[in-house]
Amino acid sequence: MQLQTQTRPKVMSVLVMEDRIDAATAIQFKEKMRDVTRDGPARVVLDMARVQFLDSSGLGAIVAVKKLLGPDRVLELSSLTPTVEKVFRLTRMDSVFTIHPSLEIAVAQAASA
Amino acid sequence: MPEAAVQAPELRLEFWADPVSVQQSLAQMLDLPPLSALSDEDRSVAELVLAEVLNNVVEHAYGAGGGRVTVSLTGDPDGIRCRVIDQGRAMPGERLPEGRLPGGPMTALADLPEGGFGWHLIRSLSVGLTYARVNGQNRLGFLLPHGGLDLADGDAPG
Numbered sequence: 041m042q043l044q045t046q047t048r049p050k051v052m053s054v055l056v057m058e059d060r061i062d063a064a065t066a067i068q069f070k071e072k073m074r075d076v077t078r079d080g081p082a083r084v085v086l087d088m089a090r091v092q093f094l095d096s097s098g099l100g101a102i103v104a105v106k107k108l109l110g111p112d113r114v115l116e117l118s119s120l121t122p123t124v125e126k127v128f129r130l131t132r133m134d135s136v137f138t139i140h141p142s143l144e145i146a147v148a149q150a151a152s153a
Numbered sequence: 012m013p014e015a016a017v018q019a020p021e022l023r024l025e026f027w028a029d030p031v032s033v034q035q036s037l038a039q040m041l042d043l044p045p046l047s048a049l050s051d052e053d054r055s056v057a058e059l060v061l062a063e064v065l066n067n068v069v070e071h072a073y074g075a076g077g078g079r080v081t082v083s084l085t086g087d088p089d090g091i092r093c094r095v096i097d098q099g100r101a102m103p104g105e106r107l108p109e110g111r112l113p114g115g116p117m118t119a120l121a122d123l124p125e126g127g128f129g130w131h132l133i134r135s136l137s138v139g140l141t142y143a144r145v146n147g148q149n150r151l152g153f154l155l156p157h158g159g160l161d162l163a164d165g166d167a168p169g
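Same order as they appear, the protein sequences are chains A and B. Here the first sequence stands for residues 41 to 153, where the numbers follow the working numbering. Here the second sequence stands for residues 12 to 169, where the numbers follow the working numbering.
Among the hints, a few may not be true.
[Unchecked claim] Facing chain A, a subset of chain B residues (Cβ under 10 Å, in silico):
1. E58
2. V69
3. L136
4. V138
5. G139
6. L140
Calculated directly from the structure, the hints in this document are not laboratory data. Ideal Cβ positions, reconstructed from N, Cα and C, are used throughout, including at glycine.
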């Protein structure tokens, strides 16, 4: 599970370098996310542009990362592919996360916040 | 006319129920008929539903002990007929879980659910779901309809 992070003044972005977050990789994803977000800006944007497949285990891991960040930091999402977007919508988790159409928009919004 | 025989599945795969084998077997299934002939959207739905079903077998029917699982897929005019058979533990009460999403407003961080999405997704994206416990086997059947189902915003039955 490879993650690429970029830290800006007000926001850290994390690009998932894999094409799936599933039952076989969910725990690894959660642990790596815990490591890379240990320090840094309050706002974290998870860039999902490369993720073509997310199952319920992967979704659970993303929710777990949001919880790990605690009440003073926030996990937002960007660039969901169609199938991943469907999983968020069907489980109503799209109402729990702020979802940006692209990383650029997410970063611009963070900068002006 | 000869009497219609029980149709042999187009694809039958048997494999060990663990997360990595499930991932590999899914990739194999998607590249072979009948799934390889589907639209991209129907294939991705098939992958998701089969992944949820198989992950449940791994986690709940077998747990740490492991065991074998068989997937049979047949294309027909309505969609893809799927059968999944394992020799693991029976479903609780020998009934399929309802797959209700956790209720209430999901505002408090600590209350957010980290699981329980699987059966909701299966029920939202498949039809004609059947389950039988026969001779120590779990036998699950369902149809993945062509063109998808994707009921509006989580208004899935059950």
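Hint numbers not upheld by this structure, sorted from lowest to highest
4, 5, 6
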